[in-house]
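One letter stands for each residue in the lines below.
2 protein chains.
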Amino acid sequence: MNPENIRIVLVNTTHPGNIGGVARAMKNMGLQRLYLVAPRDYPNEQAVWRAASANDVLDSAVVVPTLNDAIGDCQFVVGTSARERRIPWPLMDARQCAERMALASGREQVAVLFGREDRGLTNDELKVCNLHLNIPTSEDYSSLNLAMAVQIVAYELRMLTSPAGQPSSAVDEWDAPFASRENMERFYTHLEEALVDIEFLDPAAPRQLMSRLRRLYSRVRLDEMELNILRGILTETQKWVRRGRDSER
Amino acid sequence: MNPENIRIVLVNTTHPGNIGGVARAMKNMGLQRLYLVAPRDYPNEQAVWRAASANDVLDSAVVVPTLNDAIGDCQFVVGTSARERRIPWPLMDARQCAERMALASGREQVAVLFGREDRGLTNDELKVCNLHLNIPTSEDYSSLNLAMAVQIVAYELRMLTSPAGQPSSAVDEWDAPFASRENMERFYTHLEEALVDIEFLDPAAPRQLMSRLRRLYSRVRLDEMELNILRGILTETQKWVRRGRDSER
Numbered sequence: 001m002n003p004e005n006i007r008i009v010l011v012n013t014t015h016p017g018n019i020g021g022v023a024r025a026m027k028n029m030g031l032q033r034l035y036l037v038a039p040r041d042y043p044n045e046q047a048v049w050r051a052a053s054a055n056d057v058l059d060s061a062v063v064v065p066t067l068n069d070a071i072g073d074c075q076f077v078v079g080t081s082a083r084e085r086r087i088p089w090p091l092m093d094a095r096q097c098a099e100r101m102a103l104a105s106g107r108e109q110v111a112v113l114f115g116r117e118d119r120g121l122t123n124d125e126l127k128v129c130n131l132h133l134n135i136p137t138s139e140d141y142s143s144l145n146l147a148m149a150v151q152i153v154a155y156e157l158r159m160l161t162s163p164a165g166q167p168s169s170a171v172d173e174w175d176a177p178f179a180s181r182e183n184m185e186r187f188y189t190h191l192e193e194a195l196v197d198i199e200f201l202d203p204a205a206p207r208q209l210m211s212r213l214r215r216l217y218s219r220v221r222l223d224e225m226e227l228n229i230l231r232g233i234l235t236e237t238q239k240w241v242r243r244g245r246d247s248e249r
Numbered sequence: 001m002n003p004e005n006i007r008i009v010l011v012n013t014t015h016p017g018n019i020g021g022v023a024r025a026m027k028n029m030g031l032q033r034l035y036l037v038a039p040r041d042y043p044n045e046q047a048v049w050r051a052a053s054a055n056d057v058l059d060s061a062v063v064v065p066t067l068n069d070a071i072g073d074c075q076f077v078v079g080t081s082a083r084e085r086r087i088p089w090p091l092m093d094a095r096q097c098a099e100r101m102a103l104a105s106g107r108e109q110v111a112v113l114f115g116r117e118d119r120g121l122t123n124d125e126l127k128v129c130n131l132h133l134n135i136p137t138s139e140d141y142s143s144l145n146l147a148m149a150v151q152i153v154a155y156e157l158r159m160l161t162s163p164a165g166q167p168s169s170a171v172d173e174w175d176a177p178f179a180s181r182e183n184m185e186r187f188y189t190h191l192e193e194a195l196v197d198i199e200f201l202d203p204a205a206p207r208q209l210m211s212r213l214r215r216l217y218s219r220v221r222l223d224e225m226e227l228n229i230l231r232g233i234l235t236e237t238q239k240w241v242r243r244g245r246d247s248e249r
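Top to bottom, those sequences are chains H and Y.
Take 1 as the starting number for the first sequence in this note's numbering and just add one per residue.
Take 1 as the starting number for the second sequence in this note's numbering and just add one per residue.
None of these hints come from the bench; they were simulated from the model.
Simulated coverage check for chain Y against chain H, where a stretch passes if three residues somewhere in it have a Cβ under 8 Å from a Cβ of chain H:
1. 21–30
2. 51–65
3. 128–137
4. 149–158
5. 196–208
6. 211–218
7. 227–234
Backbone N, C-alpha and C define an ideal beta-carbon position, used for all residues, glycine too.
Taking the hints into account, I'd like the entire structure generated from these sequences.
Below, the structure is given as structure tokens:
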């Protein structure tokens, strides 16, 4: 695990005290990189007070206007989510998810997104995530304080560095780097183009096809070699379409 | 585990906001019983504000003058402690300790003690404990906020009640059944056939291609709808190959 490759991203936080609480929770568990997407009221002395001795985390926090500014260079994006969401998405609890993040952080940029205090992340924000993370809570009162949620995720990451909590290293040595978001977007564009070429996708009536395929491939986390294989298949397929069309001229 | 037999005991808490934060952390994780040993400033509206919807936990909190009043009837007492203490004592991390507490709570009264914000529990207080509990932290900044420490312990207890492994919702709420092994094998056969057809895969020199693709799709766990989409794409692709070949006859 490389904590320097893991960033905590707070989206549209309302209360500055929570930002300070998050900074302290992070530093207590050895995390340093905080991104604030359009915070409502920041900087603010409440944040400084709650951060206690974690003011260095606050001072180096990156304030950005949009989510994309915070995660554009990330290969692995996790969104925290309440249990019941309308879009089904790969969902893990904080413990399982921490293992995945820790492994990924060895050579990738990892982001964990936390939404607004009152209503979390939007569906659009959740859709850019590779995984959704859920923290088990009581049914009687499931709304965790924002800084508490960050604390639990940061704690689970920390546990992986203590001798007892080491994850089995089966996936440790992946043989190719995972694809960046940019390269994934290029793949989706190529895929859509090829599906239109073979007349599997009707641009006039695309239905849910591309979002289903996006969900599939964001779930798997393609590595660069796999991405090259898939794009190679698309390119070959497109050649056959051209040959078929030429013959009809 | 019986959460009704587990109490959280705060000793000489200074900041009432922390008491409210503790109440919320407890209720979020399904704990109800809070004891306050000689709190510095309580009741206080800061506590009510931070408790949010956990005011029932605050309202039923038992305020007592001495530690003994809070734990006299307990069979199992755990004290939270920073890592390096002068008195050697059985020490466990929060995860191991939660298991012991959960087991004991089946028929015993269990208490977890949390000390003062600035200096924790005294040696005398630690000596009445059966076990000491330590939450792993970064060496750079090991002082956890009081409510955060309670949150982590309560979370570890909660994790013991949630079904082990994959959280049910990840699978339960998926909108299509996952593919059977049989159907996956049919898909791989079809995929291989199509890759040979488009001349992307050379049967005489297949290299690692199919095993890379198998690894990719077994990692993702395809659902039946996704499988149908992928097989539909293969079928359309094969039609174009036939058209291209027919034209060359």
